[in-house]
Amino acid sequence: MRRKDREITDLGEIEDILKRARVLHLGLLDGDTPYVVPLHYGYTLEDGRLTFYIHGAKEGRKLDLIRANPSAFIELETDVTPISGGDVPCAYGSTFASVMGGGKAVIVEDAEEKIRALNVLMQTQTGRAFPITEQMAAGVAVIRVDVDSFTAKRKPMPPAK
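Residue numbers for the sequence shown follow the numbering used here, so the first one is 2 and each next one is one higher.
Treat the hints with caution; some may be incorrect.
[To be verified] Think about it this way: if two alpha-carbon atoms lie no more than 25 Å apart in a straight line, the pair counts; the simulated SDA-like pairs of lysine to any residue are: (1) Lys105 with Asp11; (2) Lys20 with Cys91; (3) Lys154 with Lys59; (4) Lys105 with Ile18; (5) Lys59 with Lys105; (6) Lys59 with Arg4; (7) Lys154 with Asp80; (8) Lys20 with Asp65; (9) Lys59 with Glu114; (10) Lys105 with Ala139; (11) Lys156 with Asp65; (12) Lys59 with His26; (13) Lys105 with Thr152; (14) Lys5 with Glu114; (15) Lys105 with Glu78; (16) Lys5 with Ala69; (17) Lys105 with Pro160; (18) Lys59 with Val24; (19) Lys20 with Ile9; (20) Lys105 with Ala142.
Just so you know, these hints were derived from the structure itself, not from any lab.
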């Protein structure tokens, strides 16, 4: 990471970002062309291992790309606030906190894992537990992204002048 002054290594702070962000950007490859799609997500962070769960239609471009090449990249952000640069165009920017990482996307086929994944997703997105049946889980595709390595970064609001 180039900006070590913005790096976050504390897992508690990283989990705080994961809890507060709402949309994950999933990057896949379509041949030589990147394909990025925004998605709601659930996550687990256990023993330093980060796993994301997403869901969607049972057919489509995402699934086709994962079947062809499971390499994936995730990015999510929160706390985005514009910073005015006044009369200096290059001084404009924004605050943010983000998590990024690469890994492998897996289409989940096991019914029990799909139910567990959907429960994690709903807990992450709503803070609530819902009863999810095998029939409900069968109606959607569930993708697990096993993140091999990740980084987190924060740019806070600069001190007032």
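Which constraints among the numbered hints does this structure fail? Numbers only, ascending. Those not satisfied are hints 2, 3, 6, 8, 11, 14, 16 and 17.
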